[in-house]
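Peer 1: Following the hints, complete the assembly by docking chain Y onto the known chain A.
Protein chains in written order, with the working numbering: chain A, 69 to 490; chain Y, 39 to 160.
Just so you know, the hints here were simulated from the structure itself, not pulled from any lab data.
Nothing here was measured: the structure is a model prediction, and the numbers come from that model.
What you were told as hints is all true, and nothing was included just to trick you.
Taking CB as the label site, the calculated pair distances span:
#1 A:P376 - Y:P82: 30 to 40 Å
#2 A:E378 - Y:G117: 25 to 35 Å
#3 A:A220 - Y:K76: 51 to 61 Å
#4 A:R372 - Y:E128: 37 to 47 Å
#5 A:P423 - Y:K65: 50 to 60 Å
We put the beta carbon where it would ideally sit given N, CA and C, even for glycine.
For reference, the chains in residue letters:
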Amino acid sequence: MTDTAWIDAALTSARPQAVGALLRYFRNLDTAEEAFQNASLRALKSWPQNGPPRDPAAWLIMVGRNVAIDDIRRSRKQQPLPEDEAISDLDDAEDALAERLDGSHYRDDILRLLFICCHPELPATQQIGLALRIVSGLTVKQIARAFLVSEAAMEQRITRAKARIADADVPFETPGAVERAERLSAVAAMIYLIFNEGYSASGDTAEIRAPLCEEAIRLARLLLRLFQSEPEIMGLTALLLLQHARAAARFDADGALILLDDQDRSLWNQKMIAEGLALIDKAMRHRRSGPYQIQAAIAALHARAAKPDETDWTQIDLLYGALEVMQPSPVVTLNRAVAVSKVRGPEAALEMIEPLAARLSNYFHFFGVRGAFLMQLGRNDEARVAFDRAIALANTSAEAAHIRMHLDRLMRDSQPRAKAGK
Amino acid sequence: MLYAILCYHDEDTVGSWTKEQDAAVMKKLAVVQDKLTKQGRLGPVARLLPTTAATTLRKDDPPVVLDGPYAETKEQLLGFYIVDCKNLDEALDVARDLGAANPGGAYEIRPVGVLNPGSVAK
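The shape of chain A in the complex, shown without the other chains:
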């Protein structure tokens, strides 16, 4: 790696802590970002000559703060302000910073920075865009590309989000234990959203959107390093790793979705799986279960099966059962039904999902799964109706193509002499 690439990596890694501290200091997102930007420019000039500082984040905070204060002082000079006032301001700032730089604050700085991005008034897409811009430091262009929207549209989305936050009351006091736990769970949910945004890509966009998954994993690890004993954050990180481990096997050369059963498991990333399993192991010791841990445990059972028929569906059924109790939702029940179909057969599974029909009447996966159960039971006409409905509700071309494959198979089975394929 070249010198500048190393500096880029160091800047990226120092960014959440540095921007978080500058935000606490200036209490204004734009000022904090600009200060970090200016400090980064100076780093690019200074670090190649002087070598990297021992603590890049502290260096960036110090330099960013000084540059911003200089700017403030300069703009004040243009207005008639007494000189000594400006100077004494600066002295106070130095003292305050020295006290603040001792590191005890930085955990809450980073959490606050993440937390303001998931302000409840912001729609999910704005939350994600803002977090990727401010915390991860991706350029608007990079984010726009991952979201498959124009740069101008993304720029506008982020500007709007920032304006809303500027109007909102961002709490700068050190949070209490309850508040910290609430922030943590809001931030975890946002990280999961970022991941899903990348994970729900279709085959032709999977590569473009993969950075969203990688960024989510990076943020989850960051959060876990700050809150080392939180089993749900371990679970979240494990879940993301275990799901992303399958990335290379999820689409065929034409961009069509490959189901878990049909994936080439040798393409799964074993290092990510190992890390995910290790994190679940750690989390279980705490005996404080939660939705992320359960979902991670389900993903782990898939990851542990070298072949599809080695999958422990009984255990998966039980885990979904636990998840249903913790987080009742028709989607969870639908997922559980897939496990039930493997353990007790399609009839039991079909029975299980019938009551969900009303609530999932616009849900692509419901009709896909229902069609598959009906097909397994040989009720082909009903299966065809369900698959047709699924195609109408498909979100991506890969989803539609996948269902069409089922329909083709049904067609072949019921009319063996008709021309196969189309």
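Peer 2: Same frame as chain A, but now just chain Y:
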């Protein structure tokens, strides 16, 4: 003498490498490792998973299990090499070669007292 070369780096930095950057570094390191292997001097090499996967057992009475790595530091122990070298200078030469392939961070060079090669299959 066997020397352990302990690899320290900021894992946030290493973790923010892209797949391509990571692969490029590993390729450069493999060149150095191949040379040592041919000379019959390379022992076990380990790249450790992130410290978020680490657990610490404090050997108090009774022992206490803590989540996370032993020490909270700016740079973390990310892996190690065992290399056979005549003396410290030679060990430093190896470390310099590795460092040229993978700049940033630091190597701690520690003479090895006892090495049990173990029986773990790769």
